[in-house]
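K.L.:
Spelled out from the first residue to the last, the chains are:
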Amino acid sequence: MWKNYIKISFRNLKKRKLYTGINLLGLTIAIVSFLAICLYIQHEWSYDRMYADYDRIYKFNQEFVSQGESQLVSSTPSSLIPTLIEEVPEVETGTLVFDMSIFSSVLIDAGEGNQEENSFAFADENFFEVFDFELLSGKAAQVLAEPNQIVLTKSTAERYFGDAATALGKALKVDGTDYSVSGVMEDFPSNSHLEFDFLASFKSHRHGKNPEWSPSNYYTYVKLKPGTDVGAFAAKVEEVKEKYLGKELAEYGYSTAFHLQPVTEIHLGDQSLGSIKPGTDIRYLYIFGIVALLLIAIGIINYVNLATAEATERNKEVGLRKAMGAGRGQLFGQFVSESMLLTFGATVLSLLCLYLILPKFSAIGGVPLSTDSLMNPVGIGFMLGFILVVGLLAGMYPSLILSGMEPIHALANKTKMGGGAWVRKSLVVFQFFVSMGLLIATFIVKNQLDHMQNVSLGYDRDQVVALTYHYSMKNVAETMKSEMLRSGAATSVALAGDMPVHIKAGYKIFPGGDNQRELMITGYSTDEDIVKTLNLKVLAGSDLDEKDVSRAEGAKTEVLVPIILNESAVKELGWTPEEAIGKTVNFGFSNASIKAVVGDFYFNSMHEKIGPLGIFKDTGNANVILVKIPAGNPGATLASLQEVWEKFVPERPFNYRFIDQEYAQLYRSEERVGAVFGLFSGIAVFIACMGLFGLVSYVALRRTREISIRKVLGATQSDVLGVLSADFLKLLALSAVLAVAFGLWFSDAWLEAFANRAQVGVWPYLAAVSLVLLLAMATIGYRSWKVYRINPSKTLKSD
Amino acid sequence: MIQLKEIDKYIESRFQRVFILKGINLTINEGEFITLMGPSGAGKSTLLNILGLLDEDYAGEYFFGERNIRHMRDKERANLHKSEFGYIFQAYHLIDELTVYENIETPLLYRNVSSGERKSIIADLLDRFNMVAKKDLFPAQLSGGQQQLVGIARAIAGKPRVLLADEPTGNLHSAQAKEIMEIFKELHAEGTTIIQATHARENADYGTRLINLVDGRIETDETI
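Just so you know, the sequences run in chain order Y and B. Note that the UniProt record's numbering numbers the first sequence so that position 366 is 366, with each residue one more than the last. Note that the UniProt record's numbering numbers the second sequence so that position 215 is 215, with each residue one more than the last.
Treat the hints as calculated values from the structure; they're not laboratory data. Keep in mind that a hint or two might mislead.
[To be verified] Derived pair list, reagent style PhoX-like, types lysine-lysine, alpha-carbon separation capped at 25 Å:
| no. | chain 1 | residue 1 | chain 2 | residue 2 |
| --- | --- | --- | --- | --- |
| 1 | Y | Lys15 | B | Lys82 |
| 2 | Y | Lys7 | B | Lys82 |
| 3 | B | Lys135 | Y | Lys14 |
[Said to hold, decoys possible] Derived, one-sided and incomplete: chain Y residues facing chain B with beta-carbon distance under 10 Å:
| no. | residue |
| --- | --- |
| 4 | Lys316 |
| 5 | Arg328 |
| 6 | Gln330 |
[What the hints assert, rightly or not] Incomplete in silico selection of chain B near chain Y, CB under 10 Å:
| no. | residue |
| --- | --- |
| 7 | Tyr10 |
| 8 | Ile11 |
| 9 | Leu98 |
| 10 | Thr106 |
For each residue, glycine too, the CB sits at the ideal point set by N, CA and C.
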């Protein structure tokens, strides 16, 4: 029986080429998108599940509480893990990772000059006991056990030594210190939250010799013994903390706590915590998942609509089969097998397409994806289940309609088919609602992204280049600065602790006298040229100059440190800019006087409001040299900057970044959402229009005779278009109304995450709706033109 | 075998009922070859449809053997329909997507006949109607008469006791029509009950009983 069903289905599909083509193409595109998104979600979901005992591995986060304000950070003191291993029996092992790239880049010299590296970490000897990454050479227990040992990843080893196999035992210099390669490991998998090019033994680091309870600069991981009660373990951690830190903290009025986080929750967990690799906001996974389901729904709807519309054509067949004794179940089976066959074909095609487009999609999604995870028993089971579910969903309703037709009506060739019309209409409305809704969402996201790229940040981010500064350059920095200015490659140069796009350091400020307010304030350590370099707007007071003392000197000599506050800071302190000038404040536990007030500028992503900011002189913590370059010919300018650089610090590679590009980096995940929305809304519109084309074709076919008669009676082409499009336009209008309502909700919900929101206005709505309407009209128009061109004598004579 | 009591069939229009059949009382015995005649619109096809369980929307009683159709469950009625009736249509109504062989096979599939048995039944039928060479052709490749032969083969493949034929020769020229009627005669001789609706008086001569329908009523009912 099934063989027969499949055979007949196959012939039916072959016979009706338009119908099959539309369905196959629509389903294939939908399934490709669906599978690609599934692979992406699966990749994000699989993070940190490849370690043998991943369910027993936890990371510590540390919470600081002071005066009712609590702050959670992802790093902990270096004493934590040795103490826990020593004192808590539940701990099987644990390790500490010190990510250097947070602080500065590292210079590596393997005999061919210095290379600047940004993915360098120290880890203690237990690292490979906790995380069982594969070592290509070296023994897990030994590779990080001694000072000055370093493990390279395979591709790093190849980069430096040409061949991973020969790297073992080779020597290299890290910031001038000798290390020897003790092992080579496979590259970190793309779905591990850990990712470094170099892992040096923590014992090599000056802080590695004596564990301390402060500062908290280290990532700590613990592997618990099997069967450990996590709650009881957490209580013991609390005891250890009390024992070593309790008294000291109580004195300062602080409290702290160490919280356990399963290693598998790092990637999708709290995104405000610092991490080695940027995580993924789990809400985006949900959004992508919903988009994937919506696309499949649109593909299925095409099938349902076409199959029910086409039922009219098939009622003779149904009637006959019934007359010959077919039961409803048997007919149902036959029609469902048709949809199953189609789904199966579409899925096979999708897999082929997926092979081709996956590299491209990987680039958009920002993760390496492959179809490998589909080519295993679980993946194949998933696909079979998927085919079954989609085939059934697509085939069920049309099959019910078809198999339920009365044979007597069918045979009498009464082609009127009332049933299903309203279902078909609602499905069309749904399809175009989704298409327009996604498009509106895309435009709203795009609008906000454009806004963030174009809005005035309060400083000049164009023509500003950041060079890497290292503290070893402190003696030449001043002369290098003046040389850059002299060479004409720079109009202004400033050293700074951070890029202006993302300033992190937190301080406290207490205004003196009767003003009792205490404020959390972000501190920006720079030199006297920052205002000029970034073109900040001075509202009151005067810019810093060479004679002003730095914060470090000020602390030593008890001289008032001159600082610049931003407008928000003085406002929160209760002053106008003019009043603030000359006031003395306690800034980060040293006394300072306010020398100038500058206009607010965005020193963080626009998700956050502009907070209080204090700018002070201190080049001791500088990480970047900000260079304002003259307009025009950046290539030549960069070349002369490099010339200057090589004169002063020939041992350090010349690397530069443009500030505006760094700024764009802040919104990478939004850009990605925008790109994914854009791509899939386009796909949704396309599939829906294809379905519409199919539907209109059937309507046109059924009404060919009517249209011919109208034409004989003098109907013009636009009259025919009107006849064919009137019903659909009503449906599209309803979709548009629903989509706009969705868009209004979406813009509220999504833009809530931004402190600085773009005005949405009407254009995203107008553009999305009119674009889809235009495409739909073009679809209908093409079809009606074809019908109109049919010579009436052809259609009318056969009667 | 079949007994109809006071069968009415009507269409409710806005102001009145339009009767298609009115007060039909009819007893059909096993082995009869009945011809229904009458002008267009007299109700011949409607009556055939009712007899063949294709139309259940009527008033009155229908007994098949001892049993009242109305009191049967859907499943029983479907089984009765499958096992007892074969249909032949004026326009042949073959399934265009299926070959001759597959068209004949279809009713057997719905009766869950095993594959071996199906093969032998179809082989016999093809042989009987001299269609062996054409078994892999599609309906569009056959002449009208050949299509109707396939239609008959399909109708009798399931070995029904009652064969219902609605204008079986209506679309055929006389030589082909004669051939078809000869086959009916043979089937009748083998014991099949046949009920045909026709316009052509000469076809009635093959039968044993002639019923004239006019305006939905039985006008005459005579044995030939």
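K.L.:
Which numbered hints turn out to be false for this structure?
P.N.:
Those not satisfied are hints 1, 7, 8.
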